[in-house]
Structures are given as structure tokens and as C-alpha cells.
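Letter by letter, the sequence shown follows residues -14 to 108 of the numbering used here.
It cannot be assumed that every hint is accurate.
With a Cα cut of at most 27 Å, we get these calculated DSSO-like pairs of lysine-lysine [as the list claims (entries may be wrong)]:
hint	residue 1	residue 2
1	K65	K82
2	K65	K11
3	K107	K7
4	K0	K65
5	K0	K11
6	K37	K107
7	K82	K11
8	K65	K7
Derived DEER-like restraints, expressed as beta-carbon distance ranges [said to hold, decoys possible]:
hint	residue 1	residue 2	range
9	G87	M20	19 to 29 Å
10	D68	L108	39 to 49 Å
11	W43	T15	42 to 52 Å
12	D76	I31	40 to 50 Å
13	K11	D83	20 to 30 Å
14	Y104	H17	16 to 26 Å
15	S24	I84	42 to 52 Å
16	I31	I66	28 to 38 Å
Hints are computed from structural coordinates only; laboratory data are not their basis.
From the three backbone atoms N, C-alpha and C, an ideal C-beta is built for every residue, glycine too.
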Amino acid sequence: MEFQKDNSFLTGRFKSVGFALKGMIKLITTEHSVMVQTSLAIILTIAGFYFKIDRYEWMMQIFSIGLVLSIEGLNTAVEKIADFIHPEFHDRIGFIKDIAAGAVFFAALTAIFIGCIIYVPKL
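Using the sequences plus the hints, can you model the full thing?
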């Protein structure tokens, strides 16, 4: 099966969106960390409506959710590529995977701090 590039602007964009949606569904349905984070995103969205957060708080919450899920997706891609290239344990591969996980940790800490800034005063 040979890859053929779609040179048409409109159909090419539709195909790109289709691939992105396929990837998003794969992330949500196969990666446990993304399942947890998506569940937390839903809970926080419900909390946002319950506590009637303002538009700036919504912007920060949506940004935080998007940041964590995006970085988690990149982390998953790095892990899958690393496992494909070198399936057995290797110190260098472990180092790369740890750095990618560290990026997720930074994003998650940022989201936690933003969540605390938004919701602690409301509790």
C-alpha cells in the first residue's frame, strides 16, 4: 500500500482532521492516563458550570485541560516510537521516556495550580 498525498486543499484538510480525530479517539480509548485526565476534564467542566466561573476562569481551565491532554498525547507518541525502535529496556530510551513524562508532569502541575486558583476561593 503506497501513500498518496492529496494535493487538493479542501479534501486534504478533511483527511487531516479525520486523522486527528482518529488519533484523539485512540488516545482516549487506549491510554489509561488520558482516560483519567479526560474524566477529570469532564468533572471540572461540570464544576465550572456549578460554580459559575467567569470567562477568564473558563479560558484558563480550557487552556489547562488542552495543555495537559496535548502534552500527554505527545508523551504517548514518544513512548510508542521509543518502544518501536528499541523494544527491550535501554538506559537511553528510559531517559527519553522520563523526560517526556516530566513534560506531562509540568503541564499537570500547572493545571493543578490553575484549578486551585479558580476553585479554592469558591469552596
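Q) Between S24 and I84, is the Cβ distance one that fits in 42 to 52 Å? A) Violated, at about 26 Å.
Q: Given the range 28 to 38 Å, decide if the beta-carbon distance of I31 to I66 lies inside it.
A: holds (35 Å)
Q. Regarding G87 and M20, is the given constraint of 19 to 29 Å on their beta-carbon distance met?
A. Given a distance of about 21 Å, which is inside 19 to 29 Å, the answer is holds.
Q: Verify the proposed pairing of K0 with K65, using a straight-line Cα cut of 27 Å.
A: Status holds; Cα separation ~23 Å.
Q.
Given a hint of 39 to 49 Å, does the C-beta separation of D68 and L108 actually sit inside it?
A. Holds, at about 42 Å.
Q) Honestly, do K11 and D83 meet the 20 to 30 Å range at C-beta? A) Given about 23 Å between the Cβ atoms, the range holds.
Q) Keeping to a limit of 27 Å between CA atoms, is the pair of K65 and K11 held or broken? A) holds (13 Å)
**Q.** Distance restraint hint 40 to 50 Å, applied to the beta-carbon atoms of D76 and I31
**A.** holds (43 Å)
Q. CA of K0 to CA of K11, is that 27 Å or under?
A. holds (16 Å)
Q) Going straight from one Cα to the other, do K37 and K107 come out at no more than 27 Å? A) With a Cα-Cα distance of about 10 Å, the restraint between K37 and K107 holds, given a limit of 27 Å.
Q. K107 and K7: Cα distance at most 27 Å?
A. violated (37 Å)
Q: Kindly confirm whether 42 to 52 Å is satisfied by the beta carbon distance between W43 and T15.
A: Hint violated: Cβ distance 29 Å, outside 42 to 52 Å.
Of the numbered hints stated above, those contradicted by the structure are hints 3, 11, 15, listed in ascending order.
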